[in-house]
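Q: One-letter residues, chain by chain:
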Amino acid sequence: NKWGLDPVFHTHVKLTIGYLLSQCPPLNTEGTFFSLCKLHAFQKVEIVGVVVEKLSYGDKMKLLVDDATGCMRFVVFPGTYSETTAKINLGHLVRIYGRVRIYKEVHEVTVEQIGASSSLFSLFL
Amino acid sequence: EYARVVLLDELPTTALPSGTLVRVTGSLTKIETTCDSVTLTSKGHFVTVTTSLLGPEQIEELYVGGVYQVIGTISERCVIQARVVRDVGGLDYDLYAGAVGVLRQWQNSQSLK
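So the sequences go chain by chain: X and C.
Residue numbers for the first sequence follow the working numbering, beginning at 66 and rising by one.
Residue numbers for the second sequence follow the working numbering, beginning at 650 and rising by one.
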């Protein structure tokens, strides 16, 4: 298994949600590694979108982000949650770095870093 | 389900079933506080947006002349129930429309629709 030798495997691949959901099939049964263009394996993504739903469960937060090509769930755990809860609200354009996986047959991203995106045209980059 | 990007001039001609999630952009020209609605206009086309589902902090930020992007469900022709409102002041609408066209071409080529 030579995934680790591929630099794409260690980077946050910039994708749209629609492309990730339809063109990147999982490479393992656990749904933790995904295929990019049938040439590369990846597990980390960078996604830009608008927050359309925000749910708090104690110290965990779930965001629903829409980037005009698709909608996906993002989970923010306590370590990252304490840095973001005051900054991220509905309607904010955010840039998210995280690890994608399939959980209960649904794609979701565990957020590693989240921040506001300042560019109006970020959605189309 | 994600919000489908629709330009204001496409709304009258696009047959969208009630309940479809849409994302529209326009300049706010009228605020009616009595019936919780605002009017977005772009290039002579307008749409009525009801704001009853928005939080007070989002409604307070609305002002006449601002450019906003609304994500919501379309209930009947030209009436949108807003869920999220974004201030996109400074957006070049013609460039944005061009970008939407390119996005749609790419989506068709990838068969994402």
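Simulated from the structure, these hints should not be mistaken for laboratory data.
Please note that a few of the clues may not be correct.
[Stated by the list, open to error] Which chain X residues face chain C? A few, computed with CB under 7 Å, are given here: (1) 69; (2) 129; (3) 143; (4) 144; (5) 146; (6) 148; (7) 155.
[Stated by the list, open to error] From the structure, some residues in chain X lie toward chain C, with a derived Cβ separation under 7 Å: (8) 70; (9) 71; (10) 135; (11) 181.
Because the structure is a prediction, the values reported are computed rather than measured.
Built from N, CA and C at the ideal position, the CB exists for glycine as well.
Q: Going back to the hint list, which numbers does this structure go against?
A: 1, 2, 3, 4, 5, 6, 8, 9, 11
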